[in-house]
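J.: Residue strings, one per chain:
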Amino acid sequence: MSTTPAPVPSTREAVIIGGNRIPFSRAGKKYVRTSNQDMFTAALEGLVARFGLQGERLGEVVGGAVLKHSKNFNLIRESVLGSSLSPTTPAYDVQQACATGLEAAIAVTNKIKLGQIESAIAGGTDTVSDAPIVVSDRLRAALLDANHAKTTGAKIKALLQVRPKDLAPATPSTGEPRTHLSMGEHQAITTAKWGITREAQDEIAYNSHQNLARAWEAGFFDDLVTPFKGLTRDDNLRPDTSPEKLAKLKPAFGMKLPDTATMTAGNSTPLTDGASAVLFASRAWAEERELPILAKFVDAETAAVDFVHGHEGLLMAPVAAVPRLLARNGLTLDDIDFFEIHEAFASTVLTTLAAWEDEEYCRTELGLDGAFGKVDRSKLNVNGSSLAAGHPFAATGGRIIATAAKLVAAKAAETGQPARALISVCAAGGLGAVALVESV
Amino acid sequence: MTELAGLPKLGRLFTKGVAGSAGKRPRGEVRLPEVSYRVARVDTAGEAAHLAAYQELLGEPSSDVLPAGFLHVLAFPLATAVMVRGDFPLPLLGMVHLRNVARVLRPVRLGETVEVRAWAQDARAHRRGVQVDLVAEVLVDGDLAYQGVSTYLAKGFRAPDGAAPADESPREEWTAPLPTARWKLGSGTGRAYGAVSGDQNPIHTSNLGAKAFGFPRAIAHGMYTAARALAEVGPARRGEAYEWTVEFFRPVLLPSTVDVAIRNAADLVPAGSAGSAGSAGGNEPAGGFVYDGWRSGKGTRHFRGTIRPL
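Residue numbers (numbering that gives the first Met the number 0), protein chains in the order written: chain A, 0 to 439; chain B, 0 to 309.
Possibly wrong hints are sitting among the right ones.
[Unchecked claim] Heads up, simulated SDA-like pairs for lysine to any residue below, C-alpha to C-alpha not over 20 angstroms straight-line:
#1 K164/A - L253/B
#2 K164/A - A194/B
#3 K192/A - R216/B
#4 K183/B - R177/A
#5 K297/B - A251/A
#6 K164/A - T174/B
#7 K255/A - R300/B
#8 K255/A - T174/B
#9 K297/B - G185/B
#10 K255/A - R294/B
#11 K164/A - K183/B
#12 K255/A - G185/B
#13 K255/A - L253/B
[Said to hold, decoys possible] Not everything, but these chain B residues come out facing chain A in the computed CB check (under 7 angstroms):
#14 S168
#15 R170
#16 D266
[As the list claims (entries may be wrong)] Among the chain B residues that face chain A by a calculated CB cut under 7 angstroms, a handful are:
#17 L177
#18 R181
#19 G185
#20 N263
#21 G296
It is worth saying that the hints were derived from the structure and are not from the lab. C-beta atoms are modelled at their ideal positions from N, C-alpha and C, and glycine is treated no differently.
Same shape as in the complex, but just chain A (with noise of 0.2 angstroms):
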């Protein structure tokens, strides 16, 4: 493992102007037969309002979903098109599970730092409640067949082979494919592994209802969210809820552990519909329009860890992309003034910061000289992270970018010191992708 980071090559900055997204609505409530090209498309054209870019030709717009139908192959450009932004803005779809928003955020300040555009727009949407149902193999098969048998003998012999059971429609799952765990169970053998207790994750779901909610009182999202089918709040937030009310929900996951399950639907994300999205430029072309800038998007790092035969558990590859990161930008924990640690689960969070401040493991895993470091709890998730706002896979990305963007310019104006936030989002596949967000 190499321990020396390469040298950064100057290049210009890409700066946040703002973010927008619709409220997070649980699956089934409000927004039913809602597809994610309508969220999407909200969500942009709240972006464009908020910032006045009404025919406007953007560098690019980039996003995704994650459950995506194979008739969206263009969801991005469509909802584009579906806008008030000029129909010359290019777009296309990204897709990396749960990291999908943020590595869409990634691939276009890459470009804006490179100067091959000066704005964009990253994002992404996803939906349970409208997901596409897919048929199953031996149907789709024998669909397949009869749509290439050239004789209607041979169609008809082709749809012969269905039998009842292949009618049955397969619903979408967070089951990762090679393992056939969903990701709940996955992150409760994680938790096992490092003894993470129950009353540890129900503080943490506490503290993301409490944050949010307070956060929502104080107007942050004021300029940061757009009403949408009605809604005007996140509605899986519980501002009343209790670490009581927690202690008593039953275990939802790692049943079958020999360890006593300890994640519950408290302390694990519901699965949630939402679009969201983030507008980014070079300095010169928000100083041209004169927009305000929140902050800059420094640097990002993505990382994959070996988790089909259980070397490391499915979500903790953000626990290696940091210290790469932060040696990058030769910084350390210490330096940052908030963790935006997305919630999966709350004992994602605690088994990454366990991981970070276990000496053997940083050696062994990690490649550092000791222990990488304690995350001040203070600055965690202040304004309340997934638990309680909910997660549609890919709007997580950008609903996180737009808080850290907002969280160190308020900061820096209070204190007049930079200030730097850090972004992380695990992801299906073993897969995570972390940022840095710096004050202007």
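Based on the hints, put chain B in the right spot on chain A.
T.: The following block gives chain B in isolation, referenced to the frame of chain A:
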């Protein structure tokens, strides 16, 4: 060595095996027939559809290299032909598959013409009867490419005088590790693998058939579970030449959820002394992968094996 013109049809062998099983009862010591079957030329070119069906069911990637599990299936009719002979003293039905050790010494590709051999050897004592090895070999251009040794138990039979005594040492203590995968095996699992492997033994394909042999429901083929583990490790990690072992414990009653831990041997805490390489039990192999299977949420151990590049 008895030459056969081609691989026999399994369906016919099973009919013979079922009919013959009733007559094979324990009497006197077990004497194996001194016979070895050989098919000099088996053209694998015709196996393309069979291979594709096997790969799809077990999760092997699409490839022209025949996985060890497929070579086991390919040679299985010849081994079965040995077992259904009138002078083979043990009944085809009711024998218990205890373990399997297979080695791929060089890759066998679809389209190659291969030689297949099978024989029975080494009848020896088991605490519940007699165990016997069925050996199957696949050769390409006269060179050994694959060897599989399947060990079966025939309960109540008596080992030949002078054979090694039964291993009476108590089974090692075992607690389930954390799983790396979870397999949901439906009630049709036995029929699906039966269709691909040709092993239509009724204990796997029907609940009624299983009841006749004392099982409450149909049981999964042990080789299905072992072949899935082999597929999961995959060609990139097992290499061109590899050893694949499995030891079976309690059968998997269908339908069932099986928790599986397929782990890099290097990640396992060394158990006491440095182990001898490759054994299906106790000691850990030097490299490769170790896999364990047990009933999800219970301590019922189903299987354990190793996959190791050679």
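J.: Confirm or reject each hint.
T.: The hints, checked one at a time:
1. K164/A - L253/B: 18 angstroms, holds
2. K164/A - A194/B: Holds, at about 18 angstroms.
3. K192/A - R216/B: 35 angstroms, violated
4. K183/B - R177/A: Cα-Cα ~13 angstroms, so holds.
5. K297/B - A251/A: OK: K297/B and A251/A at ~18 angstroms, within 20 angstroms.
6. K164/A - T174/B: Status violated; Cα separation ~38 angstroms.
7. K255/A - R300/B: 14 angstroms, holds
8. K255/A - T174/B: Holds - the C-alpha atoms of T174/B and K255/A are around 14 angstroms apart, at most 20 angstroms.
9. K297/B - G185/B: 18 angstroms, holds
10. K255/A - R294/B: Distance ~10 angstroms between K255/A and R294/B Cα, so the pair holds.
11. K164/A - K183/B: Holds, at about 17 angstroms.
12. K255/A - G185/B: Distance of about 18 angstroms is within 20 angstroms: holds.
13. K255/A - L253/B: Holds, because 18 angstroms separates the two Cα atoms, which is no more than 20 angstroms.
14. S168: 26 angstroms, violated
15. R170: Constraint on R170/B not satisfied, violated at 19 angstroms.
16. D266: 5 angstroms, holds
17. L177: 5 angstroms, holds
18. R181: OK, holds: R181/B within 7 angstroms of chain A, min 5 angstroms.
19. G185: 10 angstroms, violated
20. N263: 5 angstroms, holds
21. G296: OK, holds: G296/B within 7 angstroms of chain A, min 4 angstroms.
Figure legend: structure checked against the earlier numbered hints; hints not met, in rising order: 3, 6, 14, 15 and 19.
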